[in-house]
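Colleague: In case you want the letters, here they are:
Protein chains: 2
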Amino acid sequence: MAQNSTYHHGDLRAACLRAARELLEEDGSAGLSLRAVARRAGVSATAPYRHYADREALVSAVAAEGYRELAEHLATAHPVPSTPDDLAAVAVAYVRFALEHPALFRAMFAEPCDPTSEERVAATAAISEYVRGIVRDAFPGVEDTDALATTVWALVHGLAFLHLDGKLDTSTPEVVADRVRASVFALFAVAPALREAIAAR
Amino acid sequence: MAQNSTYHHGDLRAACLRAARELLEEDGSAGLSLRAVARRAGVSATAPYRHYADREALVSAVAAEGYRELAEHLATAHPVPSTPDDLAAVAVAYVRFALEHPALFRAMFAEPCDPTSEERVAATAAISEYVRGIVRDAFPGVEDTDALATTVWALVHGLAFLHLDGKLDTSTPEVVADRVRASVFALFAVAPALREAIAAR
DNA sequence: TTTAGGATGTATGCACCATTTACATTTGAC
DNA sequence: GTCAAATGTAAATGGTGCATACATCCTAAA
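Chains as they are written, first to last, in the working numbering: chain A, 1 to 201; chain B, 1 to 201.
Treat each hint with caution, since some may be false.
No copy is singled out in the list; a pair is fine if it fits within one copy or between any two copies.
[Unchecked claim] The calculated lysine to aspartate or glutamate pairs, modelled on EDC-like cross-linking and capped at a C-alpha distance of 20 Å, are:
hint : residue 1 : residue 2
1    : Lys167    : Asp114
2    : Lys167    : Glu26
3    : Lys167    : Asp85
4    : Lys167    : Glu118
5    : Lys167    : Glu22
6    : Lys167    : Asp86
7    : Lys167    : Glu69
8    : Lys167    : Glu100
9    : Lys167    : Asp178
10   : Lys167    : Glu56
11   : Lys167    : Asp144
12   : Lys167    : Asp11
13   : Lys167    : Glu129
14   : Lys167    : Asp54
15   : Lys167    : Glu65
16   : Lys167    : Asp146
If you are wondering where the hints come from, they were derived from the structure by calculation, not from laboratory data.
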């Protein structure tokens with residue numbers, strides 16, 4: 001089981017993932033090079049290629065991990081959201097996650113997504129379904145749950161990016177949270193009207 | 001005025017900008033290297049450094065150009081938006097711009113923004129003010145124009161990114177436009193309630 | 001009109017990077 | 001125990017950003 005020499009690492013795949021994640025958080029996307037990952041894992045420069053086809057594959061793996069963490073983070077904000085207040089709390093958590101892990105969040109959403117990374121596709125599908133579930137629970141009367149979920153996700157996602165890009169004041173967590181809550185409540189208030197708005201077109 | 005030899009380019013600054021823009025649209029952010037720009041401009045590899053301090057400065061310049069084009073694109077969608085319908089048309093134009101110029105849009109919003117690029121800061125401030133102006137005209141009764149403008153921008157911005165990242169169906173321009181309109185109308189319907197929602201917290 | 005000097009472009013070199021290919025070591029199944 | 005597959009290494013190729021020193025050209029002052 002355990003290697004008795006130093007030739008084999010033991011679990012290089014996981015070590016690379018961890019190193020990549022660390023480098024991403026420390027130096028941003030530019031600091032995440034396969035060579036740096038290899039150095040940090042204490043292994044030759046090309047060893048990571050045994051576990052990841054190329055740089056993008058490694059980034060995708062980190063992103064997928066990010067999706068799982070985001071889902072966890074949201075669930076922690078509120079286990080079973082069922083009211084507009086709950087949903088607002090989840091929205092705040094979403095934006096906070098982006099601000100606390102800017103490089104990771106960018107890797108998850110801001111880079112051209114590789115459609116062939118099933119790990120990544122599955123992870124984003126899970127997030128999407130999660131949002132849909134929340135909306136369904138919080139607004140059982142709404143017919144087109146998907147449309148409302150999309151709108152909510154887009155609003156929160158856009159808020160995250162605008163904050164991340166310095167387009168909105170992020171001096172304190174409170175001002176951010178207040179702004180997110182205000183925006184989400186604006187949308188919630190109209191939820192019943194959404195179906196009509198769509199039908200009216 | 002005009003150079004009589006081949007040593008000097010004439011307007012290398014503009015040529016670099018154009019080449020960078022082309023490379024960005026052709027091969028994405030990864031294809032935008034200073035060396036490739038120099039090659040395309042028919043000039044030595046380090047010549048661009050006479051006009052741009054580093055790669056990021058060039059990207060910022062391209063992004064700033066993108067902001068101006070986006071503003072123009074939106075203005076074309078509707079010169080003086082003053083109704084929810086007008087605003088929805090502008091929102092659709094925003095998302096369409098992102099889908100038509102994915103790499104440029106990412107360069108504008110998805111990369112860590114350099115706060116020292118005044119060209120870029122000024123350009124984004126202009127966009128922000130533009131959105132605020134539209135909201136002010138379209139909803140003269142709303143007190144906190146800034147809050148509503150932020151919400152609108154975030155929603156549209158988030159829709160652009162989710163489409164860009166393949167999280168939403170983009171098979172035809174129509175399905176995209178319909179979804180954007182539906183989301184924006186949902187928000188519009190509640191505009192008068194926004195102030196209350198904020199006050200209620 | 002001549003002639004510095006600044007602006008612009010070039011040549012070279014360094015450090016870093018991704019990726020490929022060939023080779024070495026270890027491990028586990030038989 | 002043997003041998004093939006899995007894992008790690010070494011070396012080489014070709015690309016990149018960028019700093020430094022050098023070449024050329026334009027312009028404005030003398």
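Colleague: Report the numbers of all earlier hints that the structure fails to satisfy, in ascending order.
Modeller: Those not satisfied are hints 2, 3, 5, 6, 12, 14.
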